[in-house]
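For the record, the sequence lines run as chains P and G. Just so we're aligned, residue -6 is where the first sequence starts under this note's numbering, counting upward by one. Just so we're aligned, residue 5 is where the second sequence starts under this note's numbering, counting upward by one.
Don't read these hints as lab results, they were simulated from the structure. There could be a bad hint or two in this list.
As the list claims (entries may be wrong) - Part of the chain P face toward chain G, derived, beta carbon under 8 Å:
{"hint": "1", "residue": "A214"}
{"hint": "2", "residue": "R215"}
{"hint": "3", "residue": "Q220"}
{"hint": "4", "residue": "V222"}
{"hint": "5", "residue": "G223"}
{"hint": "6", "residue": "P224"}
{"hint": "7", "residue": "P226"}
{"hint": "8", "residue": "F249"}
{"hint": "9", "residue": "R272"}
{"hint": "10", "residue": "V274"}
{"hint": "11", "residue": "R277"}
{"hint": "12", "residue": "G284"}
{"hint": "13", "residue": "N285"}
{"hint": "14", "residue": "Q287"}
{"hint": "15", "residue": "R290"}
{"hint": "16", "residue": "L291"}
What the hints assert, rightly or not - Calculated lysine to any residue pairs in the SDA-like style (CA-CA distance at most 20 Å, straight line):
{"hint": "17", "chain 1": "P", "residue 1": "K297", "chain 2": "G", "residue 2": "K413"}
{"hint": "18", "chain 1": "P", "residue 1": "K295", "chain 2": "G", "residue 2": "S339"}
{"hint": "19", "chain 1": "P", "residue 1": "K297", "chain 2": "G", "residue 2": "I337"}
{"hint": "20", "chain 1": "P", "residue 1": "K295", "chain 2": "G", "residue 2": "E196"}
{"hint": "21", "chain 1": "P", "residue 1": "K297", "chain 2": "G", "residue 2": "L375"}
{"hint": "22", "chain 1": "P", "residue 1": "K221", "chain 2": "G", "residue 2": "V410"}
{"hint": "23", "chain 1": "P", "residue 1": "K221", "chain 2": "G", "residue 2": "P405"}
{"hint": "24", "chain 1": "P", "residue 1": "K295", "chain 2": "G", "residue 2": "E95"}
{"hint": "25", "chain 1": "P", "residue 1": "K295", "chain 2": "G", "residue 2": "H346"}
{"hint": "26", "chain 1": "G", "residue 1": "K377", "chain 2": "P", "residue 2": "Y218"}
{"hint": "27", "chain 1": "P", "residue 1": "K401", "chain 2": "G", "residue 2": "K413"}
{"hint": "28", "chain 1": "G", "residue 1": "K207", "chain 2": "G", "residue 2": "E95"}
{"hint": "29", "chain 1": "G", "residue 1": "K377", "chain 2": "P", "residue 2": "D164"}
{"hint": "30", "chain 1": "G", "residue 1": "K377", "chain 2": "P", "residue 2": "A273"}
{"hint": "31", "chain 1": "P", "residue 1": "K295", "chain 2": "G", "residue 2": "W383"}
{"hint": "32", "chain 1": "P", "residue 1": "K295", "chain 2": "G", "residue 2": "V322"}
{"hint": "33", "chain 1": "G", "residue 1": "K377", "chain 2": "G", "residue 2": "N387"}
{"hint": "34", "chain 1": "P", "residue 1": "K221", "chain 2": "G", "residue 2": "A404"}
{"hint": "35", "chain 1": "P", "residue 1": "K250", "chain 2": "P", "residue 2": "G155"}
{"hint": "36", "chain 1": "G", "residue 1": "K356", "chain 2": "P", "residue 2": "Q287"}
What the hints assert, rightly or not - Not everything, but these chain P residues come out facing chain G in the computed CB check (under 8 Å):
{"hint": "37", "residue": "Y218"}
{"hint": "38", "residue": "A273"}
{"hint": "39", "residue": "F275"}
{"hint": "40", "residue": "A281"}
For glycine and all other residues, C-beta sits at the position ideal for the given N, C-alpha and C.
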Amino acid sequence: MSSVAPARPDKGEAPSPSRGGVADRLFSVNLRQSGIYVAFALIVALFAILTHGSLLSPENMSNVLVQNSYILILSIGMILIIIAGHIDLSAGSVVAVCGAISAVLMVNHNVPWPLAVVLTLAAGALIGAWQGYWIAYFEIPAFIVTLAGMLIFRALTLTVLGNQGIGPFPDQVRTLANGFLPGYFGNVALGPLGGADAFTLAVGVIGVAGIVFTQWRTRQARAGYGQKVGPLPVFIARMALAGFVVMYIIVQLARFKNLPVVLILLTVLVLGYTLITTRAVFGRHMYALGGNLQAARLSGVKTKAVVFSLFVNMGVLAALAGIIFAGRLNQAGPTAGTNFELDSIAAAFIGGAAVQGGVGKVVGAITGGLIMAVINNGMSLLGAPSERVMLIKGLVLLAAVAFDVWAKRRAGTSR
Amino acid sequence: MTDDAILRMSGITKVFPGVKALQDVNLVVRRGEIHAICGENGAGKSTLMKVLSGVHPHGSYDGEIDFDGEPCRFSGIRDSEKHGIVIIHQELALSPYLSIAENIFLGNERVHRGLIDWNRTNADAAELLARVGLDENPVTPAMDIGVGKQQLVEIAKALSKDVKLLILDEPTAALNDADSAHLLDLLRGLREQGITCVIISHKLNEIKAIADSTTILRDGRTIETLDMERDLVTEARIISGMVGRDLEHRFPEHEPTVGEEVLRIEDWTVRSPTQHERLVVSGANLTLRRGEIVGLAGLMGAGRTELAMSVFGRSYGVGITGRIFKDGKEIRIRSVGDAIKHGIAYATEDRKRYGLNLIEDIKRNVGAAGLRKLARRGWVHDNEEFRVAERYRTSMNIKAPNVLAVTGKLSGGNQQKVVLSKWLFTDPDVLILDEPTRGIDVGAKYEIYSIINEMADQGKAVLVISSELPELLGICDRVYAMSAGRITGEVPREEATPERLMQYMTRYDEEQIIQ
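Bound conformation, chain P alone:
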């Protein structure tokens, strides 16, 4: 373009957003991203006050985490499927049939428990592959395939169990579901808080140090690549807050019965899946096809293989949840897992997933699941009847999605 640069007089006086505007935008962006965590904190605070602190007592906190572990595990698989633009209505039935399979193996056939667990997870993978085949390669909507699966696998549960509960489970499986680590280093005194497990506290301190260290390294790497990073005080404040929350939970757990085994499992899963969704090629492909299937396909993403793997993954996680749930009740029953799929779907959407796909975070789904768990637990501590709990949970789900839609529209990115 050899000609003279055009005079564009209005560029200079282009409307520069006022200071209030910038603050407003920053706030709204942050609110949409962190709204779910703020809401979670408010809900916890509300019930902590209403229950005069019972919600945050060591025993109750431990219970909430252990009781909801299987829903949280399902939510991890579910959010991935929702990000890819699909849904799984069969999760509850798969939980039941896998629990039943593990019970038949361990109780009726005396298969050693580690082998039985592996076989059950393999069964879950097979179930996922079955559904994934119809959805990814035969291209039947996931809603239909998993609705059929919901019936099929419930029927198989009844067949496998012969219409009766099977138990009891070996101690190791019960520990996995319900148990706690033994106190390796004994107890330490925490002044007015009483005795607490030293090993748990040590894990907490190492965990917080690990979080701060990795976050700091990420921040340094970003800055090294010339990207903008937030101001240092904000970073420090965020780290301090995260450290406080983690240590609070750890101290309460340490005061009760050490670390629940299932919490360790859950933490590993959350970290692993967060890494996969944010850093792995597979995760990128998942978001890409959820955001625009055709564009992903034309960019060389093997869309069918990705969707197929997501359902296999869901099957494995459902099998894991099935074992834990059966182990917790010490019995595999024909009605196990009823409505679990709905709870995990709700967790994913409360946690910020978008109905059209392409958006969502593992941590979001976990937070969504915990919001429901706290509402459940808090209201039952208050002695509220179950119909009122259901009503509130329904309203929270609607409000969460409504907020997300509203925020998107306000940001002008709705499509």
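Using the hints provided, position chain G relative to the given structure of chain P.
Chain G only, in chain P's frame:
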């Protein structure tokens, strides 16, 4: 002038958060004329029309609108339609499964005692279809007719509402030349019936052919209103108004250095995925050389996109036969992944549907096709991705504050640059660009042409598919023409004229295939 103006918009200012989309815009449209509105993308044309049609209701903007002699304060589209202002959007809004007649009277049903009077609906529809010169049965579902005819149905729908002022936003963007010509004829006919038209278009030859006056917008301001006859307006005149500079050359100078053959396609045949007996591409032969820009001309339905997509990892069609040679060696391409590995890239004609993940940022979109270059053992190197995207944002001149901007919010030209960045990052030897400048303003077009030249200078072979003949003649070193699935001609740059290409593009005789 007062009496003879049907519409007078004065001092229109519309502010979106952070952006002044319109600033003190004035528009006067005379009764019974065809009035064109020109401007680069983002100049404010669509926003102005949305203000006029009530999409942005009164109170959300400043300024006055006088229509048909009275001041108007529209609260919504229905309100403006009641006054006789109808807007037809670029993306057609017909319901695919409803019949033509049902679409025409959607929201305006012919009712008898609360029930739809089907006889009257279909009879009235037939009458309207005759007025727009569309010979179709009113009960045909809208999805069964082509885009050109759907456009006519939209106009029939507008006529059913007793339209006084018809606004068309890019009406010929998706039409082939024949359909465009028909549409322009129809607009002339409507002018004779006393209907005023406002037409937004990028196609300056059409504006020149049809408009009585032209208003040019730039950066949200009115630049000028030209009387097409009195001012003896030329295309170059309009362009200089739009871009604020004299565009002596619409195409950048380019001296090609053509090397050896990169890609050869032999006897390529593709069948339609919906009608297996139909050959969409039949016996096509094509050769691309290093450093060469090759055009592929053809009317709509000639099979250009289908040819390109079937080569690009069998993304289109069934029963594909033929051979592909890369650097002289025969290769097999079974998937898009294979195509990318063999150094072939295809940038789609439909950015929004097939090219971009609109809810993701620039960074993720740029990295999407070349992710393996950013990853080690399945893990993506985040910061490297950022650096790569930032590099393309700078070198391609993508107008966004940073690479974390969501692509859905970018203008067409910038979106296209993101798509091109994505494919350049895969480091291809062969680039197939399908309608690379569709829906892009003049200034950005020039930039895209420069990028294409640069790619060729780097030794890549570029195949440009385009419906705009001047574009092909302006940038290509050699042009193939397609018609009805066959390659009907191959013309070197020196011998290429629009007439000659058009001749090949309309050749349907099977005997006359090129040797």
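Hints and how they fare:
no., hint, verdict
1, A214, "6 Å, holds"
2, R215, "6 Å, holds"
3, Q220, "6 Å, holds"
4, V222, "12 Å, violated"
5, G223, "13 Å, violated"
6, P224, "17 Å, violated"
7, P226, "22 Å, violated"
8, F249, "38 Å, violated"
9, R272, "5 Å, holds"
10, V274, "5 Å, holds"
11, R277, "6 Å, holds"
12, G284, "4 Å, holds"
13, N285, "5 Å, holds"
14, Q287, "5 Å, holds"
15, R290, "7 Å, holds"
16, L291, "5 Å, holds"
17, P:K297 <-> G:K413, "29 Å, violated"
18, P:K295 <-> G:S339, "9 Å, holds"
19, P:K297 <-> G:I337, "18 Å, holds"
20, P:K295 <-> G:E196, "56 Å, violated"
21, P:K297 <-> G:L375, "18 Å, holds"
22, P:K221 <-> G:V410, "17 Å, holds"
23, P:K221 <-> G:P405, "12 Å, holds"
24, P:K295 <-> G:E95, "30 Å, violated"
25, P:K295 <-> G:H346, "16 Å, holds"
26, G:K377 <-> P:Y218, "18 Å, holds"
27, P:K401 <-> G:K413, "13 Å, holds"
28, G:K207 <-> G:E95, "17 Å, holds"
29, G:K377 <-> P:D164, "49 Å, violated"
30, G:K377 <-> P:A273, "13 Å, holds"
31, P:K295 <-> G:W383, "17 Å, holds"
32, P:K295 <-> G:V322, "19 Å, holds"
33, G:K377 <-> G:N387, "13 Å, holds"
34, P:K221 <-> G:A404, "15 Å, holds"
35, P:K250 <-> P:G155, "37 Å, violated"
36, G:K356 <-> P:Q287, "10 Å, holds"
37, Y218, "4 Å, holds"
38, A273, "6 Å, holds"
39, F275, "7 Å, holds"
40, A281, "6 Å, holds"
Hint compliance for this structure: hints 4, 5, 6, 7, 8, 17, 20, 24, 29 and 35 are not met, and every other hint is.
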